[in-house]
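Chain residues, written in single-letter form:
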Amino acid sequence: MSSSNNAITTTTTAPAAAKKDPKTTEKKEVEEEEFEEFPIQEWPERGDGEDNEVNVWEDNWDDETHESEFSKQLKDELRKGGHQIA
Amino acid sequence: MPSLRSVDDYFAQVDSLCYYQDWETGEKISKMVSLKDEHSQAPFLHIDAYGSRTKRCRVTEDEVFDEIVCLHLHVLYNVHVAQDLVTAQSTQIQIIQLFNKEILQKRKDENWFLPVFYRLCTDLRWLSKCAETSVSGDDEGDSNANSFFESAAKAITECYRTCVSDVHAEQGTTKKVAMLNMTNQLFQIYFQINKLNLLKPLIRAIENCGPLYKHFLMADKVAYNYFLGRKAMFDADLNLAEKSLLYAFRNCPAESMSNKRKILIYLIPVKMFLGHMPTASLLHQYKLDEFQEVVAAVKDGNLALLDATLIRNEAFFIQCGIFLMLEKLRMITFRTLFKKVSQIVGTAQIPLEAFQTALRFVGVNDVDMEELECIIANLIASKKIKGYLSHQHRKLVISKTNAFPTLSGITTN
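Same order as they appear, the protein sequences are chains A and B. Position one of the first sequence corresponds to residue 1 (full-length UniProt numbering), numbered consecutively onward. Position one of the second sequence corresponds to residue 1 (full-length UniProt numbering), numbered consecutively onward.
Be aware that a few hints might be false.
Claimed, not checked - Cβ pair distances, simulated, as ranges: (1) B:Asn208 <-> A:Ser68: 43 to 51 Å; (2) B:Ile311 <-> A:Glu64: 24 to 32 Å; (3) B:Ser258 <-> A:Lys72: 37 to 45 Å; (4) B:Ala82 <-> A:Gly47: 45 to 53 Å; (5) A:Lys72 <-> B:Glu150: 55 to 63 Å.
If you're looking for bench data, these hints aren't it; they were derived computationally from the structure. Computed from a prediction, not measured in an experiment: that's the story for all the values here. A virtual CB, placed ideally from N, CA and C, is assigned to each residue, including glycine.
With the hints as extra help, turn the sequences into a complete structure.
The following block contains the structure:
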């Protein structure tokens, strides 16, 4: 019985705490997994290519324009291993 | 809205709101039956079985709302005074069943009350979770685990059926417009109890809803695309996952920082898998620095670093539910490592031994020749390497042109 009482206390203290600072406390409480409710329900829709945040994805990370430290070490390692190096 | 001082005040406010029957008023009433609204904290509203009192206030304007409000006070009493969350949850279900029977099924050609209904469902989910937590300490075993979520899903599904069958009303007043919000409610419940397969018919219904889609609220569309993208990621449908999560990210208001962050947690692994790497500043801006080393490792082909950083941040990634997805990035990391080896060696015929050396260099010591051939065969099959294996000569023979195509250019099916 004591364990279930504990559980009830934890769940019910949250709304009480929310009274002091409803916004932030409530946020913390659900932050773990729940998608938060939006304060407003309607706003203009953005289509493909109308992103606010651009250049946040890199596509050309793969073009080895400069040799990284890792690549240098890998080259040394292959050379040590007696492999052909271009 | 003026602050409340008594039960009379509360009833008077609901009563006056029930006079107007428009969407905006629906939103106002939804606050009056919310478990998170300020009024829910007022001790004078925590009343046991208020509806059965002979002398009491009434919502004279609307009998059904009168009953709903009384039940709502009963829920508040059980949450805040009796601390009986099981009763609170079952009472909330009662409210939803009443709403279905007396409002959704009976009131034709109007839908202004839907915001109230959305609120009742959202609170039912919250109560189900609380009820679940409150009994999970009891020694009842797992026999009725999830039963609160199950009963909530059942009640909401019944309402869903009512709403989708409202086909005669005009576009502006049809209850069908509730479809998306209710699908989202069920999405969240089924995520909790791991029954995402039950969403299939609901997703199909949204896909086939035609011009109605324009009438859904942006808040619901963003949430829906977030849930759909997560599900698609688990189903390994990366193209749908990318499309849905990008829509959600693009359309989620900047002020809702924590939602944008949640979307990114799933969008990042999907994007990486498709060959698009998040910039360091994006990760930092959204407090997702746990990904920094993952990105660096995948870009470099550094398996040792990838494994180390996955282990270091294991708790975080597991909590987000993306650990397995990130582990799949090993495949891309192999590809990038092998690409580097091929560039260093500089010929079209690369001894498998060279890959072994590279693997040992990045701390992967448990891949024997057979497994290496298997990894390479998989990379060839998934079009990440153009070439073939010569088992006999223990060599990988790669195409003279574009042997390691840019990941973002590979079409996945």
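| request: Identify every previously stated hint that the structure contradicts and give their numbers, smallest first. | output: Structure breaks no hint.
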